[in-house]
Amino acid sequence: MMLKKMVIFLGVTLLLALSVSASQFPDQLPSITKEEAESLGLILTFSNGGGGWEGSNYVNSYQDFICPHRNESLNNYIRIVVTYYTDNEAVEQFGWFVKLGRNQTDRVEDLIGFWSGEVEGTESYQYNFNEGPNYADLREVYEKRYFDGTGFVSIKHTYAALVDDHYYVYGEVEYLKGTNACNLEALAPVLLNMYLERIPNSTVRVPVNTSVDISGGSESSSETGLSPDAVRRMNETNGGLRTIGENWGGFVVVKTPKGDIIRVINSNPGYSGGSSALGWKTKYYGNKALDAFIDQVANYLPKPLGLFKDYFKADKDINVFSDSEAVKKTAKDLHVDEKSASFYNGMSDIENREKALSPYKNAVPSNIETKPIEVVLNSMGVAIKKTLAQDYRWEFEATAKVAIRYKKAGMKYRDIIRNTIDEVRDTTAGMHRVNMMNRNSKGDFRDQEARIRFYINKLYEEGII
Amino acid sequence: MKGKLLLLLLILIGGYVYFNGNFHVPDNLSPERVMDTAKNMTKGLGETSSTTETQSPGGEEISGMETTLENITVVDSGNWTVIHFETSVIDEGLLGRAYVLAQKAYENGSRNIRVEAYFGDEPLIALIVKNGDLDNATFEDIRRPEFRIETDLGLFDVLVHSVTVTNDTASVSLEYLAGEDSFWRDYAKMSLAMLEDAPWVERLEIIYLGERNVSVSVSSDSLLKALSGELSPEEFAREIRVVEIRKS
Numbered sequence: 001m002m003l004k005k006m007v008i009f010l011g012v013t014l015l016l017a018l019s020v021s022a023s024q025f026p027d028q029l030p031s032i033t034k035e036e037a038e039s040l041g042l043i044l045t046f047s048n049g050g051g052g053w054e055g056s057n058y059v060n061s062y063q064d065f066i067c068p069h070r071n072e073s074l075n076n077y078i079r080i081v082v083t084y085y086t087d088n089e090a091v092e093q094f095g096w097f098v099k100l101g102r103n104q105t106d107r108v109e110d111l112i113g114f115w116s117g118e119v120e121g122t123e124s125y126q127y128n129f130n131e132g133p134n135y136a137d138l139r140e141v142y143e144k145r146y147f148d149g150t151g152f153v154s155i156k157h158t159y160a161a162l163v164d165d166h167y168y169v170y171g172e173v174e175y176l177k178g179t180n181a182c183n184l185e186a187l188a189p190v191l192l193n194m195y196l197e198r199i200p201n202s203t204v205r206v207p208v209n210t211s212v213d214i215s216g217g218s219e220s221s222s223e224t225g226l227s228p229d230a231v232r233r234m235n236e237t238n239g240g241l242r243t244i245g246e247n248w249g250g251f252v253v254v255k256t257p258k259g260d261i262i263r264v265i266n267s268n269p270g271y272s273g274g275s276s277a278l279g280w281k282t283k284y285y286g287n288k289a290l291d292a293f294i295d296q297v298a299n300y301l302p303k304p305l306g307l308f309k310d311y312f313k314a315d316k317d318i319n320v321f322s323d324s325e326a327v328k329k330t331a332k333d334l335h336v337d338e339k340s341a342s343f344y345n346g347m348s349d350i351e352n353r354e355k356a357l358s359p360y361k362n363a364v365p366s367n368i369e370t371k372p373i374e375v376v377l378n379s380m381g382v383a384i385k386k387t388l389a390q391d392y393r394w395e396f397e398a399t400a401k402v403a404i405r406y407k408k409a410g411m412k413y414r415d416i417i418r419n420t421i422d423e424v425r426d427t428t429a430g431m432h433r434v435n436m437m438n439r440n441s442k443g444d445f446r447d448q449e450a451r452i453r454f455y456i457n458k459l460y461e462e463g464i465i
Numbered sequence: 001m002k003g004k005l006l007l008l009l010l011i012l013i014g015g016y017v018y019f020n021g022n023f024h025v026p027d028n029l030s031p032e033r034v035m036d037t038a039k040n041m042t043k044g045l046g047e048t049s050s051t052t053e054t055q056s057p058g059g060e061e062i063s064g065m066e067t068t069l070e071n072i073t074v075v076d077s078g079n080w081t082v083i084h085f086e087t088s089v090i091d092e093g094l095l096g097r098a099y100v101l102a103q104k105a106y107e108n109g110s111r112n113i114r115v116e117a118y119f120g121d122e123p124l125i126a127l128i129v130k131n132g133d134l135d136n137a138t139f140e141d142i143r144r145p146e147f148r149i150e151t152d153l154g155l156f157d158v159l160v161h162s163v164t165v166t167n168d169t170a171s172v173s174l175e176y177l178a179g180e181d182s183f184w185r186d187y188a189k190m191s192l193a194m195l196e197d198a199p200w201v202e203r204l205e206i207i208y209l210g211e212r213n214v215s216v217s218v219s220s221d222s223l224l225k226a227l228s229g230e231l232s233p234e235e236f237a238r239e240i241r242v243v244e245i246r247k248s
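Quick note, the sequences are listed as chains A and B, same order. One point on numbering: in our numbering, the residue at position 60 of the first sequence is 60, and numbering is uninterrupted. One point on numbering: in our numbering, the residue at position 139 of the second sequence is 139, and numbering is uninterrupted.
Calculated from the structure, these hints are not laboratory results. Predicted model only: the values in this text are computed from it and were never measured. No residue lacks a Cβ here, since even glycine has one placed at the ideal position from N, Cα and C. Certain hints may be false.
[Said to hold, decoys possible] Cut-off 27 Å, straight-line C-alpha distance, at most; resulting in silico cross-link-like pairs (DSSO-like, lysine-lysine):
| no. | chain 1 | residue 1 | chain 2 | residue 2 |
| --- | --- | --- | --- | --- |
| 1 | B | Lys-130 | A | Lys-329 |
| 2 | A | Lys-371 | B | Lys-130 |
| 3 | B | Lys-130 | A | Lys-258 |
| 4 | B | Lys-225 | A | Lys-258 |
| 5 | A | Lys-255 | B | Lys-225 |
| 6 | B | Lys-225 | A | Lys-288 |
| 7 | A | Lys-156 | A | Lys-144 |
| 8 | A | Lys-371 | A | Lys-309 |
| 9 | A | Lys-339 | A | Lys-442 |
| 10 | A | Lys-339 | A | Lys-458 |
| 11 | A | Lys-303 | B | Lys-130 |
[To be verified] Pairwise CB distance ranges, derived in the manner of DEER restraints:
| no. | chain 1 | residue 1 | chain 2 | residue 2 | range |
| --- | --- | --- | --- | --- | --- |
| 12 | A | Pro-133 | B | His-161 | 47 to 53 Å |
| 13 | A | Glu-36 | B | Gly-120 | 31 to 37 Å |
| 14 | B | Thr-138 | A | Pro-200 | 48 to 54 Å |
| 15 | A | Arg-205 | B | Arg-246 | 52 to 58 Å |
| 16 | B | Ser-219 | A | Gly-249 | 23 to 29 Å |
All chains should be modelled from the sequences, with the hints used to inform the complete structure.
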């Protein structure tokens, strides 16, 4: 999101340069209005355009479209880019596209399991390339198929058109098979032709597959992306979960885009941890009879040697020997070890943000049913904090490992700091949990380097390095 | 500070171009318009409405207030008004914040309204109003199934590494932080959480990452039977498949 906005600002700056030498360029590049997008059953999500630095050879305009109410993170979208080049580059771009398309060959490769390192299935790539007068399109079908029958198919269909040797019009549609509500792939050429029609004196058009329904917006049963077998299992399982809920004391029904899901609630958890992590855990997943049953099951299962960290005991309140009442409280509330609790207290910003928001608490009228979603949010709020606390501890351990190695190699303290920061940053860059810590920490701790320095200080104080 | 300066500079330049530029930027969803709409939407939310239409690239001056409800975008699509907002605080108050935004859209004339709350890039919950019927608004859990499992397992003493959900299987890899005593108890409870979150799958797998890596899996059917008291401890144990896998 942030990046997108930066791109907009940069695009605008680039326009400055453009206004100096704008005379060679067309007054306007074709674009689609949001009403026109709607008439096709699409939502226009993004429009932008610009040119290069002063004296550059191009201006462009691009727009993104999705199906209504689709989750953007699924990456089902259409993007159209129209670029005007003052020189021969449009012709070259088009030539490259054609060359790339012609050179694709179908292939099937072994799918090596990320965890197992063994062949677990196949990955296949199928290409279909078409050429016409000044247009071409390439369809790529990528299929990931595991031997156990699971997998998915994703489709990427790209179009290129060359108009008047100066306009390069590129369209791209990408979607996961079975997930899009409107027919993105059929709409892409229709959309592309709307742009092509708006280029003065243009006669280039891409072929539209008329057999495909482009009425759009029709929500089918494939909306959920679930196979018929999966839907059948979902109904059966939900029935079973309801029964368990009735035995345990209750359940709620939560609406989701894939249909209702059932959350079992234990009316008598036998633990009054309130809204602590352990409290929610026993309320939603705990049951004394189940515990007793599983303890017996464990007699028939292997010992989980080497599979647990043993920081503390899971089903008990944590004994913290810290002098700080705040650390004790956090450890108890989030059910984390003392180190995680103390890092959380020092670095998390979540509590401050919560304080700022209290006025919204009772804004929903009481006649609207909120309980199921409250069940979701209450436990999730604590889970996010607990995860954050544990992530700090994880980052600390990662730092300690590296720092101790440099220490053992005989490095000076100063060099240990520099090298540890570099190595931890390099090896954890882009990790989900690092992003989460960056986002939810306060002040300087939003920067990973500050956190690593803090951990190194801690290690130094403890006499470890 | 650097970020602020850059932002100011960009706005000035942007303003200059806006008034002087002779190149047409498609304006039907220009950022200006989105921001104005967001501003209108949140106007009158009272003194707590510091919903930020300003971005903070440097991040230095972010206060608690400004980061709680940010990046609001409004997309009008035919009959529907779709409002996205981001939150970093997850509690019951989120429902109220979504509701207040829906009310604002209603006051601005929208009748079919969908308010979506995001946690970073992850969709969380949606509030849906149909035909202007605010009294019968409904809430949906719109988390991706993978993220739903990840956050629900967040109550356990684990570090989740990855989650994969297909039509047939839900698979999680994680580190288990607590002790041996509760290992199998937590295994059963986490499998229950996964089944609640993805009730369509046939098989549930947890891959434990430690000194060894081990995959522990069970069919949804056997788990349900065990939880309903239809299997003996020995029968259930036989249904659980434990396989050591190579460390990557």
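Evaluation of the provided hints:
{"no.": "1", "hint": "B:Lys-130 / A:Lys-329", "result": "violated (44 Å)"}
{"no.": "2", "hint": "A:Lys-371 / B:Lys-130", "result": "holds (20 Å)"}
{"no.": "3", "hint": "B:Lys-130 / A:Lys-258", "result": "holds (19 Å)"}
{"no.": "4", "hint": "B:Lys-225 / A:Lys-258", "result": "holds (24 Å)"}
{"no.": "5", "hint": "A:Lys-255 / B:Lys-225", "result": "holds (25 Å)"}
{"no.": "6", "hint": "B:Lys-225 / A:Lys-288", "result": "holds (17 Å)"}
{"no.": "7", "hint": "A:Lys-156 / A:Lys-144", "result": "holds (14 Å)"}
{"no.": "8", "hint": "A:Lys-371 / A:Lys-309", "result": "violated (36 Å)"}
{"no.": "9", "hint": "A:Lys-339 / A:Lys-442", "result": "holds (18 Å)"}
{"no.": "10", "hint": "A:Lys-339 / A:Lys-458", "result": "holds (11 Å)"}
{"no.": "11", "hint": "A:Lys-303 / B:Lys-130", "result": "violated (54 Å)"}
{"no.": "12", "hint": "A:Pro-133 / B:His-161: 47 to 53 Å", "result": "holds (52 Å)"}
{"no.": "13", "hint": "A:Glu-36 / B:Gly-120: 31 to 37 Å", "result": "holds (32 Å)"}
{"no.": "14", "hint": "B:Thr-138 / A:Pro-200: 48 to 54 Å", "result": "holds (49 Å)"}
{"no.": "15", "hint": "A:Arg-205 / B:Arg-246: 52 to 58 Å", "result": "holds (54 Å)"}
{"no.": "16", "hint": "B:Ser-219 / A:Gly-249: 23 to 29 Å", "result": "holds (26 Å)"}
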